[in-house]
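Trainee: Chains as they are written, first to last, in the working numbering: chain L, 5 to 278; chain U, 106 to 236.
Take these hints with a grain of salt, some might be off.
What the hints assert, rightly or not - Straight-line distance between alpha carbons at most 30 Å, and here's what the computed DSBU-like set of lysine-lysine pairs gives:
#1 U:K233 / L:K45
#2 U:K147 / L:K45
#3 U:K208 / L:K45
#4 U:K150 / L:K45
#5 L:K95 / U:K210
#6 L:K226 / U:K147
#7 U:K233 / L:K80
#8 L:K47 / U:K147
#9 L:K226 / U:K108
#10 L:K47 / U:K108
#11 U:K233 / U:K151
#12 L:K47 / U:K150
#13 L:K211 / U:K233
#14 L:K226 / L:K45
#15 U:K151 / L:K45
#16 L:K47 / U:K208
#17 L:K80 / U:K208
#18 L:K45 / U:K156
#19 L:K95 / U:K150
#20 L:K226 / U:K233
#21 L:K47 / U:K233
Calculated from the structure, these hints are not laboratory results.
This structure is a prediction, so every number in the text was calculated from the model and none was measured.
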Amino acid sequence: MMEKSRRSFLKVAGIAAIGLGAAPAMNFAASDSHGTALAVKSKNEAVLSAHRWGMVIDTNKITDEVVENIVAACHKAHNVPDFNHEVDEEKFPNTRPVNHKQEVKWIWEEEFHNSFPDKEDEFLAEKFHNLPFLVTCNHCKNAPCVKACPTQATFKREDGIVLMDFHRCIGCRFCMAACPYGSRSFNFRDPRPFIEETNPNFPTRTKGVVEKCNLCAERLAKGEQPHCVEASEGAIVVGDLEDPESEVRVLLNENYTIRRKQSLGTEPSVYYVM
Amino acid sequence: MNKNYIITGLVIFVLAVLSPFWFNMITTTQAAPEPELLGNAKTQKKCVLDKYEMRANHMAILDEWRDSVVRDADRMYTAANGHSFNMSLSTGENSCLGCHEDKTKFCDACHTYTSVDPYCWECHTNPKEIK
Numbered sequence: 005m006m007e008k009s010r011r012s013f014l015k016v017a018g019i020a021a022i023g024l025g026a027a028p029a030m031n032f033a034a035s036d037s038h039g040t041a042l043a044v045k046s047k048n049e050a051v052l053s054a055h056r057w058g059m060v061i062d063t064n065k066i067t068d069e070v071v072e073n074i075v076a077a078c079h080k081a082h083n084v085p086d087f088n089h090e091v092d093e094e095k096f097p098n099t100r101p102v103n104h105k106q107e108v109k110w111i112w113e114e115e116f117h118n119s120f121p122d123k124e125d126e127f128l129a130e131k132f133h134n135l136p137f138l139v140t141c142n143h144c145k146n147a148p149c150v151k152a153c154p155t156q157a158t159f160k161r162e163d164g165i166v167l168m169d170f171h172r173c174i175g176c177r178f179c180m181a182a183c184p185y186g187s188r189s190f191n192f193r194d195p196r197p198f199i200e201e202t203n204p205n206f207p208t209r210t211k212g213v214v215e216k217c218n219l220c221a222e223r224l225a226k227g228e229q230p231h232c233v234e235a236s237e238g239a240i241v242v243g244d245l246e247d248p249e250s251e252v253r254v255l256l257n258e259n260y261t262i263r264r265k266q267s268l269g270t271e272p273s274v275y276y277v278m
Numbered sequence: 106m107n108k109n110y111i112i113t114g115l116v117i118f119v120l121a122v123l124s125p126f127w128f129n130m131i132t133t134t135q136a137a138p139e140p141e142l143l144g145n146a147k148t149q150k151k152c153v154l155d156k157y158e159m160r161a162n163h164m165a166i167l168d169e170w171r172d173s174v175v176r177d178a179d180r181m182y183t184a185a186n187g188h189s190f191n192m193s194l195s196t197g198e199n200s201c202l203g204c205h206e207d208k209t210k211f212c213d214a215c216h217t218y219t220s221v222d223p224y225c226w227e228c229h230t231n232p233k234e235i236k
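Build the full structure now, drawing on both the sequences and the hints.
Mentor: Here's what the structure looks like:
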């Protein structure tokens with residue numbers, strides 16, 4: 005009696021198990037026959053890509069006027085606030101007074117002895133003391149900011165661009181402390197009142213995030229050259245540092261170039277033709 | 106002797122416990138707003154997913170898009186239904202706002218009703234609001 009009931013129990017249980025498995029299997033087969041297409045994410049066809057993006061700045065071609073144009077073009081396109089801009093009281097009432105130490109900048113002019121403190125020779129050629137040098141994020145190969153970021157908001161993209169995900173930035177400013185070039189700025193306040201003309205094609209930032217040059221990733225994605233390159237009248241060239249045929253590598257081969265604070269081992273990707 | 110006190114106490118207790126119900130009965134409640142399809146969105150009749158899936162999962166898609174654009178530099182999204190989109194909230198015609206032109210009636214209507222306060226617009230700009 006015992007044995008028989010056990011046997012029949014197992015039979016029933018087996019049939020039940022098949023029954024339970026049948027429905028998902030049927031559904032799977034049914035969905036398969038319809039051929040569920042999956043969404044695909046891809047790059048634009050016109051995209052400019054590189055193994056490692058780099059920049060070459062020809063200091064002989066950089067004049068004060070060119071510097072001004074480049075900085076203006078970059079900052080305007082990326083909605084970088086200018087704290088000298090007069091606030092529109094109607095749109096932004098009760099804006100507190102500006103602290104001019106809290107500037108935000110992506111690319112700016114710097115003197116030689118500030119840009120290259122380790123290259124200050126005793127009898128440096130006179131011309132270097134007065135030349136305007138353009139400095140920006142160096143998109144370092146060993147970027148210290150990337151290592152410092154606790155949330156991976158700053159990261160190194162596959163193509164060598166050191167990029168920020170503003171969504172993830174918690175505003176701890178470790179990256180600013182880690183960057184030896186001062187390339188990063190913190191938004192101590194809402195930048196919007198200080199943006200003269202907001203470019204609708206690029207977001208603004210919000211209070212409490214760090215920002216810096218993104219090598220115009222949004223333009224490279226569309227197959228366009230960065231704003232600084234366009235405004236530089238040939239003084240700035242960007243290209244693939246790992247491609248020996250690329251324009252930047254040809255320039256590096258033909259000219260004597262220096263990099264900022266090379267001894268720190270960050271391997272900057274911005275080269276200056278002297 | 107204490108019967109009256111107990112009964113009044115009970116009545117007050119029951120009323121207090123049921124307060125959400127009778128409060129809703131005596132006040133007028135707003136019906137949930139329907140997101141309005143205006144402009145391009147009305148004529149195009151195509152979206153990333155169908156209506157009900159978009160309602161439930163648009164935030165997950167936006168999150169996925171953000172990672173894809175920022176981290177992998179992939180900016181084109183070819184949806185399962187074959188249509189392709191520019192993975193962007195507010196820039197260009199093929200972005201979310203490019204089609205759903207009226208942010209107030211499309212995004213804000215439901216978000217306000219459900220007391221959701223996404224911080225998208227602290228950085229992203231509505232092209233219609235820039236003068």
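Trainee: Any of the earlier hints contradicted here, and which numbers?
Mentor: 9, 10, 19
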